[in-house]
Amino acid sequence: MVGGGKRSRSSSLMGNHQKCWLWGRHAVLELLRADQWHPLEIGVARDLSEPELNEIRRWADRRRCPVEMWSDEELERRCRAPDHQGLIARMPEFPYRDSQEVIAAIPKNGWCVLLDGIQDPFNFGAILRSAEVLGAAAAFVGMTGQSPVNSQVVRSSAGAVLHLPLARAATLGAVARSLQAQGMRLYGASEKGTLAPRECDLTGPVGLVIGNEGRGISAEMLGLCNLLLTIPQTGRVSSLNAAVAAGILCYEVARQRCG
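Numbering (the working numbering), first residue to last: 5 to 263.
Check before you lean on any hint, since a few could be wrong.
[Unchecked claim] Here are the simulated lysine to any residue pairs, SDA-like style, with alpha carbons at most 25 Å apart:
id	residue 1	residue 2
1	LYS196	GLN260
2	LYS196	ASP102
3	LYS112	ALA185
4	LYS112	GLY139
5	LYS112	GLY239
6	LYS112	LYS196
7	LYS112	ASP102
8	LYS112	ASN230
9	LYS112	LEU232
10	LYS196	GLY239
11	LYS196	GLY163
12	LYS112	GLN150
13	LYS196	ARG101
14	LYS112	ASN245
15	LYS196	SER222
16	LYS112	ALA258
17	LYS196	HIS167
18	LYS196	CYS262
If you're looking for bench data, these hints aren't it; they were derived computationally from the structure.
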């Protein structure tokens, strides 16, 4: 059910610079408004609008963050992206939350997503966007085989990664066991599933497990899932993109909770 969707990216687009730079007006302004992940430096085009420039300077003054005025050519040289829209930010490593603190903060009947090795940053961001929009309390990732949070994740999540509590743990299995110890049931998205999402009660404490684009859910996480769900398909393609499957499952959780 979940597979494919991992697109190849050129080294110029997906290189190490993405760990350092975030760009685009919406992405950078949302970053500042969320006030969770603080830039080390902000670069702005000389023709940036006065209201946007004033907002940036107010934030930067509070955080003692330098703001530099650069030409379009200099902005592109630094972030290596022509679509910077006149605004870029140099970033430190993303501040993942502590997994145990996030688990403790999940409401009694809240739900979350566990991402088991999502490698494509566009899939990663799209899943976080669906989860945040549809009411998830948190998202969890492991440290092996998982895309880091970079500019592509921020942009494809439409800023959701800045608002949805995102925790990273040494192993996702440890997170799964902690969630189950607090009464949460884990539902994995898999071709091996026996029930469609609509046939399952998803109104209680629920964790949705979304597997890697190629291999699916790992053997360890499959063994920890309380139940495997499959999305009914009638076409010839063997599986859904991981982000699409996650969006369908997130919607079903939200739909059932809306009565």
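Hints, one by one, checked against the model:
With a C-alpha separation of about 23 Å, the suggested pairing of LYS196 with GLN260 holds against the 25 Å cut-off. A hinted pair counts as satisfied when its Cα atoms are at most 25 Å apart, and LYS196 with ASP102 does not qualify at roughly 32 Å. Restraint check for LYS112 and ALA185: satisfied, since their Cα atoms lie roughly 13 Å apart, inside the 25 Å limit. For the proposed pair LYS112 and GLY139, the alpha carbon gap of about 14 Å is at most 25 Å, so the pair holds.
Using a Cα cut-off of 25 Å, the hinted pair LYS112 and GLY239 is violated, with the two alpha carbons roughly 38 Å apart. Among the hinted pairs, LYS112 with LYS196 is inconsistent with the structure: their alpha-carbon atoms are about 29 Å apart, more than 25 Å. The hinted pair formed by LYS112 and ASP102 meets the criterion: a straight-line CA distance of about 19 Å does not exceed 25 Å. Using a Cα cut-off of 25 Å, the hinted pair LYS112 and ASN230 holds, with the two alpha carbons roughly 18 Å apart.
With a C-alpha separation of about 22 Å, the suggested pairing of LYS112 with LEU232 holds against the 25 Å cut-off. Of the pairs offered as hints, the one joining LYS196 and GLY239 holds, with about 17 Å between alpha carbons and a cut-off of 25 Å not exceeded. With a CA separation close to 33 Å, the supplied pair LYS196 and GLY163 exceeds the 25 Å bound. Only pairs whose Cα atoms come within 25 Å are accepted, and LYS112 paired with GLN150 is rejected, the gap being roughly 28 Å.
At most 25 Å may separate the alpha-carbon atoms for a hinted pair to count; LYS196 and ARG101 exceed this at roughly 32 Å. For the suggested pair LYS112 and ASN245, the alpha carbons sit about 31 Å apart, so the restraint of at most 25 Å is broken. Simply put, LYS196 and SER222 have alpha-carbon atoms about 13 Å apart, close enough for the 25 Å limit, and the pair holds. Between the alpha carbons of LYS112 and ALA258 the distance comes to roughly 16 Å, so the proposed pair stays at or under 25 Å and holds.
A threshold of 25 Å between alpha carbons decides the hint, and for LYS196 with HIS167 the separation of about 33 Å lies outside it, so the pair is violated. Between the alpha carbons of LYS196 and CYS262 the distance comes to roughly 28 Å, so the proposed pair goes past 25 Å and is violated.
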